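Given next are the chains, with one letter for each unit.
2 protein chains.
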Amino acid sequence: MSAMGLTYFNFFQSLKASYRRCLLYPNGGYAYRDKSKSRCYSVYACSKKPDQDVFLNSKFDTLLDSVKWDEKGLAVAIAQNVDTGAILMQGFINREALATTISSKKATFYSRSRTTLWTKGETSMNFINVYDIFLDCDRDSIIYLGKPDGPTCHTGSETCYYTSVLNFLNQSQAEENDLAMTTLYSLESTITKRKEELSVPQNGKPSWTRRLLLDDKLLCSKVREEADELCRTLEENEDKTRTASEMADVLYHALVLLALKGVKVEEVLQVLRLRFSQSGVEEKKSRKAQG
Amino acid sequence: MSAMGLTYFNFFQSLKASYRRCLLYPNGGYAYRDKSKSRCYSVYACSKKPDQDVFLNSKFDTLLDSVKWDEKGLAVAIAQNVDTGAILMQGFINREALATTISSKKATFYSRSRTTLWTKGETSMNFINVYDIFLDCDRDSIIYLGKPDGPTCHTGSETCYYTSVLNFLNQSQAEENDLAMTTLYSLESTITKRKEELSVPQNGKPSWTRRLLLDDKLLCSKVREEADELCRTLEENEDKTRTASEMADVLYHALVLLALKGVKVEEVLQVLRLRFSQSGVEEKKSRKAQG
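These protein sequence lines map, in sequence, to chains C and F. Mapping to UniProt numbering: the first sequence position 153 is 153, numbers consecutive. Mapping to UniProt numbering: the second sequence position 262 is 262, numbers consecutive.
Calculated directly from the structure, the hints in this document are not laboratory data. As the structure is a computational prediction, the values presented were derived from the model and not from experiment. Some hints could be false.
If several chains are the same, the list does not tell them apart, and a pair holds so long as it fits within one copy or across any two.
[Said to hold, decoys possible] Within a straight-line C-alpha distance of at most 25 Å, the following computed PhoX-like cross-link-like pairs (lysine-lysine) qualify: (1) LYS68 x LYS240; (2) LYS72 x LYS261; (3) LYS205 x LYS264; (4) LYS193 x LYS240; (5) LYS68 x LYS195; (6) LYS195 x LYS240; (7) LYS240 x LYS264; (8) LYS240 x LYS261; (9) LYS261 x LYS68; (10) LYS195 x LYS147; (11) LYS240 x LYS106; (12) LYS72 x LYS195; (13) LYS147 x LYS205; (14) LYS193 x LYS205; (15) LYS261 x LYS195; (16) LYS72 x LYS240; (17) LYS59 x LYS261.
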């Protein structure tokens with residue numbers, strides 16, 4: 001089993017595991033048999049088929065009973081991208097919606113307007129594949145942590161949160177698509193915009209990002225230089241703030257390189273997630289094979 | 001103004017801007033005067049003082065009217081860490097709670113049980129400092145994108161989501177603190193655990209992470225090597241999957257270095273956020289000063 005420990009990454013391992021290695025777990029989940037250690041590890045996505053047995057499980061009922069459903073039998077559900085952390089959408093769930101999601105691993109909600117269960121993607125095919133579910137301290141709010149098959153919003157937007165209140169208040173015209181983005185993705189988006197503007201002639205001194213985008217040699221020398229400086233903070237026992245600063249430099253310059261190659265941060269994180277869902281042995285092999 | 005463009009990063013610029021440079025914006029926000037271009041850019045956190053003028057603004061009322069409040073006058077509010085993307089907590093808001101948050105920049109909710117307004121942190125002092133607010137497509141759900149002053153949960157947990165439903169179903173004993181974490185932070189957490197286990201003698205071959213943690217020379221040679229390989233995917237025009245894979249290697253090895261130095265990814269992202277909130281000139285100066 002993975003030298004990196006058992007985390008939700010392990011759910012992915014199952015996608016590769018053959019069904020022969022999948023045993024029905026007593027509590028309704030699945031177990032992954034590690035031949036080398038003759039032990040079973042619990043994983044949940046061995047099969048993407050809805051597992052009806054899960055409904056028979058008493059622990060399952062205990063869990064559903066433990067949710068603090070409101071007077072209408074509902075709780076809040078937030079779908080979040082497991083790699084980027086982007087909040088994709090928010091809906092409501094009832095007992096049946098949560099049970100269906102646990103069983104099918106597709107984010108399922110209860111529509112208050114249509115008074116019916118609905119699985120996100122049932123018409124658009126843009127399902128949200130759920131890898132884990134988290135309850136909050138009050139047990140009346142949950143996170144579906146998963147990977148969307150495509151844009152989540154019915155408008156075609158990546159997420160449903162694309163209207164900035166502060167920009168609306170501050171600007172005469174609201175931005176068309178002002179997606180809620182956290183630091184790394186906001187920086188990625190800015191760099192991507194700079195790349196798209198490369199063909200537009202510019203007055204004055206070009207920005208540092210523009211210079212890097214126009215000069216592969218400069219960019220690569222900076223990526224190597226910043227990685228070296230990051231290492232030196234360890235080798236020369238420099239203080240923590242210096243390490244954070246050099247790592248920020250590494251990230252920024254690497255993001256420019258990714259933008260040039262047309263690679264998204266999300267793709268990189270997906271590689272990491274899949275890699276650390278493999279066994280330690282597999283992981284080392286794959287690293288060797290890569291380079 | 002910043003060569004990196006106007007994003008929510010600019011809100012931070014204001015924290016450094018002197019009040020002399022802050023002008024009350026006609027719509028109730030603040031403006032940042034860019035001397036070099038004699039233009040004003042809107043920013044919102046010039047002052048952390050509640051801005052009562054904002055209430056006078058008609059655009060502000062238009063916004064509050066546009067929210068699809070439910071039959072109880074409520075909407076869902078999700079607080080998210082601007083740097084890590086972690087969902088901190090979820091509550092409900094009424095018109096007054098949203099107005100207060102926009103004005104005070106402290107995440108404020110409406111307590112359904114106590115039927116009163118409450119600002120997260122008013123007793124614990126662990127406020128959530130809000131940098132932007134996003135409405136969803138239905139206008140009945142919002143994100144408070146901000147930075148927490150400390151742990152958000154009343155239990156002392158970093159976020160309120162620390163109970164994994166799938167782990168509960170699959171294990172005889174639930175984990176004490178099974179925080180909802182996205183890919184990068186899950187990997188960071190695993191590496192940190194490996195670091196904590198270093199003093200524990202281990203049977204068998206050590207994991208790759210353990211080896212790196214125990215050998216600075218090996219670790220630094222890997223960080224430099226992976227950065228070099230990332231660059232070569234650009235220089236030698238290799239395909240995108242190769243770039244994503246090499247960047248994953250850079251990230252993983254750099255995360256081990258950060259763990260050794262006791263630096264969190266969140267600290268690095270904060271550096272990036274603050275850096276790109278500065279003007280292009282300031283940013284270049286600070287880079288020069290750093291290295």
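Against the structure, the hints come out as follows:
1. LYS68 x LYS240: neither (43 Å within a copy, 46 Å between copies)
2. LYS72 x LYS261: neither (50 Å within a copy, 50 Å between copies)
3. LYS205 x LYS264: This pair counts as neither: shortest intra-copy Cα distance 28 Å, inter-copy 35 Å.
4. LYS193 x LYS240: between (32 Å within a copy, 19 Å between copies)
5. LYS68 x LYS195: This pair counts as neither: shortest intra-copy Cα distance 48 Å, inter-copy 38 Å.
6. LYS195 x LYS240: between (32 Å within a copy, 17 Å between copies)
7. LYS240 x LYS264: between (28 Å within a copy, 10 Å between copies)
8. LYS240 x LYS261: between (31 Å within a copy, 6 Å between copies)
9. LYS261 x LYS68: neither (48 Å within a copy, 42 Å between copies)
10. LYS195 x LYS147: neither (27 Å within a copy, 29 Å between copies)
11. LYS240 x LYS106: The answer is neither: 42 Å in one copy and 29 Å across copies each exceed 25 Å.
12. LYS72 x LYS195: For LYS72 and LYS195, neither the intra-copy (50 Å) nor the inter-copy (47 Å) Cα distance is at most 25 Å.
13. LYS147 x LYS205: Result: close neither inside a copy nor across copies, 41 Å intra and 34 Å inter.
14. LYS193 x LYS205: within (17 Å within a copy, 47 Å between copies)
15. LYS261 x LYS195: Classified as within; 11 Å inside a copy, 34 Å across copies.
16. LYS72 x LYS240: Classified as neither: same-chain Cα gap 51 Å, cross-chain 49 Å, threshold 25 Å.
17. LYS59 x LYS261: Neither: 48 Å inside a copy, 42 Å across copies.
Hints 1, 2, 3, 5, 9, 10, 11, 12, 13, 16, 17 from the earlier list are contradicted by this structure; the remaining hints agree with it.
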